[in-house]
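Dock chain B against the given chain A, drawing on the hints supplied.
Same order as they appear, the protein sequences are chains A and B. In this text, residue positions in the first sequence follow this note's numbering: the first is 1, and each later residue adds one. In this text, residue positions in the second sequence follow this note's numbering: the first is 1, and each later residue adds one.
There may be inaccurate statements among the hints.
Pairs involving identical chains hold if they fit within one copy or between any two copies, as the list cannot separate such chains.
Said to hold, decoys possible - Quick list of in silico lysine-lysine cross-link-like pairs, DSS-like style, CA-CA up to 30 Å:
{"#": "1", "residue 1": "LYS209", "residue 2": "LYS121"}
{"#": "2", "residue 1": "LYS4", "residue 2": "LYS27"}
{"#": "3", "residue 1": "LYS236", "residue 2": "LYS100"}
{"#": "4", "residue 1": "LYS290", "residue 2": "LYS121"}
{"#": "5", "residue 1": "LYS209", "residue 2": "LYS162"}
{"#": "6", "residue 1": "LYS236", "residue 2": "LYS121"}
{"#": "7", "residue 1": "LYS255", "residue 2": "LYS234"}
{"#": "8", "residue 1": "LYS125", "residue 2": "LYS288"}
{"#": "9", "residue 1": "LYS251", "residue 2": "LYS225"}
{"#": "10", "residue 1": "LYS27", "residue 2": "LYS59"}
What the hints contain is simulated information worked out from the structure, not anything from laboratory work.
2 protein chains.
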Amino acid sequence: MPNKVIELFSIKYPIIQAGMIWVSGYKLASAVSNAGGLGLIGAGSMYPNVLREHIQKCKNNTNNPFGVNVPLFYPDLEEILQIIIDEGVKIVFTSAGNPKLYTSFLQDNGIIVAHVVSSVKFALKSQEAGVDAVVAEGFEAGGHNGREESTTFTLIPMVKEKISIPLIAAGGIASGRGMMAAMILGADGVQIGSRFVASEESSAHINFKNKVVETEDGGTDLTLKELTPVRLIKNKFYLQVQELYKHNPNKDELKEFLGRARAKKGMFEGDLEMGELEIGQIAGLIHKIKPAAKIVEEIINEYHQVKNNFM
Amino acid sequence: MPNKVIELFSIKYPIIQAGMIWVSGYKLASAVSNAGGLGLIGAGSMYPNVLREHIQKCKNNTNNPFGVNVPLFYPDLEEILQIIIDEGVKIVFTSAGNPKLYTSFLQDNGIIVAHVVSSVKFALKSQEAGVDAVVAEGFEAGGHNGREESTTFTLIPMVKEKISIPLIAAGGIASGRGMMAAMILGADGVQIGSRFVASEESSAHINFKNKVVETEDGGTDLTLKELTPVRLIKNKFYLQVQELYKHNPNKDELKEFLGRARAKKGMFEGDLEMGELEIGQIAGLIHKIKPAAKIVEEIINEYHQVKNNFM
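So here's chain A without its partners, still in its complex pose:
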């Protein structure tokens, strides 16, 4: 299965495990990298010293390439980037910010940079900024999301038409069929989040993992669009937000109602009622918690089965 994403990251399969807050520590990242994919540590929910610890443990747990996902609005961004460089991390996925700011700085330090976008416009800006790959993430993805609401099915071919650098599809992919469909639409590889939330190695609270497994079609919604749009499971907190919307809240009221640390409360501490539970629509296709290596293996097996049957 030779392709641009495999070559770029020196991995066996073009499967990237999304770097998700409260979910992707060194256990998950190293398990995926050991299975032949690319594991990413999610720096977004880690203090600098915690991130350093996870990077060191990841290096101890795999000899394969792994990376770190860094949201560019991170408060201690420069400290985080320096730790990544000092620890010898070779791959960084940036998201939620301007790729022009840090791409060449990271590349000058020998780091391969991919940037996550949700539109053709920002895919082009990322290519212009010199990133090594673009992750194009559709509306169906869990967690924070773009304002254009372009879905994976439409975004991938539209981006593919405009850029020439490696393209990674994200949003709605949890199976070998999904991986193949994304690649037929124009992707060189896939980034998978939700499926790995419900893995044994994910740091998500077991309550949250079980909730993901129970979630069905229609069980999530993209909400809080006036702040940063976020796809959540429709739990009690979500319903209270919808109730608040009836009173035409302004941004500050929404921010106050959201409060702080609600994603941690839901995803890491397991408060299914009042926490934020970030997951993608494809949760409806996820029925069991499994080891990360098994997930990678099943995706690759299904990919080859479908290829043989369909073609």
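For chain B alone, kept in the frame of chain A given last:
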């Protein structure tokens, strides 16, 4: 290319041209049927006598199977269905209503019935109602749309997992790559709307066709969700609706602002500013008005090319 949809409708290619209001008259439907797909007349925007005329002209213009799309909220529904039966139409696609009400009545009159849904729940209800096929339409589709907001990429495999009757994917498909991706995700065929709006034979006003060709990623939005959610091009009317939302309008205010015949004004009369312009996200991938037969041919050619290159 043998499959369930081809067998069910006795067509050459598993491509259904969506029955769209103000767009799909006999010219478009017969052109698509003559090209080996299944053309559908869109009854939703036709008075009963106009529909009868289109059916008769369609019969005069093709010897291949064609069908009629009937929204089940149609005011003169029983009259419409009787015309369809009297004129010997053999295929009906129903949408926007309860499939239990008319499916067996139509089937008793020798008609094959497909029903359009936007969720797993209604796909199951349609199968229980005895329909011959289900069209599962994703969030990215143009025009009226479901409340679950499930995208084609997630909806198709979730529906496929639950139903055994033929499954047709809709929403976001305008190319051979899209067709193949949808079929890999579990569909037996595809329903294509937006791409045929910008065909020579569509009844859409030339202004609207040109606008579809110009539309880029992010150019549409699903709005008026308190009424029936509808995906529209972001024109002046759309922006006025968004302005109205700032004042927390109730349903009646939205209905009054929408008024009557706004889809006709935009799509049929070519008022690009104040009309409703219903189109899917995949408009961003549509760059030229073409003959319907050429569209079908290009989709099939690309499908085979991709199959050969990819596999």
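Same-copy or cross-copy closeness of LYS209 to LYS121 [CA-CA at most 30 Å]: between (34 Å within a copy, 23 Å between copies)
Using 30 Å as the alpha-carbon threshold, which applies to LYS236 and LYS121: within, between, both, or neither? between (36 Å within a copy, 22 Å between copies)
Have a look at LYS27 and LYS59 and pick one of within, between, both or neither, based on CA distance no larger than 30 Å. Answer is within; shortest intra-copy Cα gap is 11 Å, inter-copy 64 Å.
Check LYS251 against LYS225 for me: Cα-Cα at most 30 Å, and say if that holds within a copy, between copies, both or neither. Classified as both: same-chain Cα gap 10 Å, cross-chain 21 Å, threshold 30 Å.
At most 30 Å between CA atoms: does that hold for LYS4 and LYS27 within a copy, between copies, both, or neither? within (27 Å within a copy, 45 Å between copies)
Intra/inter-copy verdict for LYS236 and LYS100 if alpha-carbon distance must be at most 30 Å: neither (39 Å within a copy, 33 Å between copies)
Evaluate LYS209 and LYS162 at a C-alpha cut-off of 30 Å and name the case that applies: within, between, both or neither. between (37 Å within a copy, 23 Å between copies)
Alpha-carbon proximity context of LYS125 and LYS288, limit 30 Å: Classified as between; 26 Å across copies, 38 Å inside a copy.
Regarding LYS255 and LYS234, is the shortest C-alpha distance of 30 Å or less found within a copy, between copies, in both, or in neither? both (18 Å within a copy, 28 Å between copies)
Homomeric proximity label, LYS290 with LYS121: Cα distance no greater than 30 Å: Between copies, since 26 Å is at most 30 Å while 37 Å is not.
In this structure, the one hint that does not hold is number 3.
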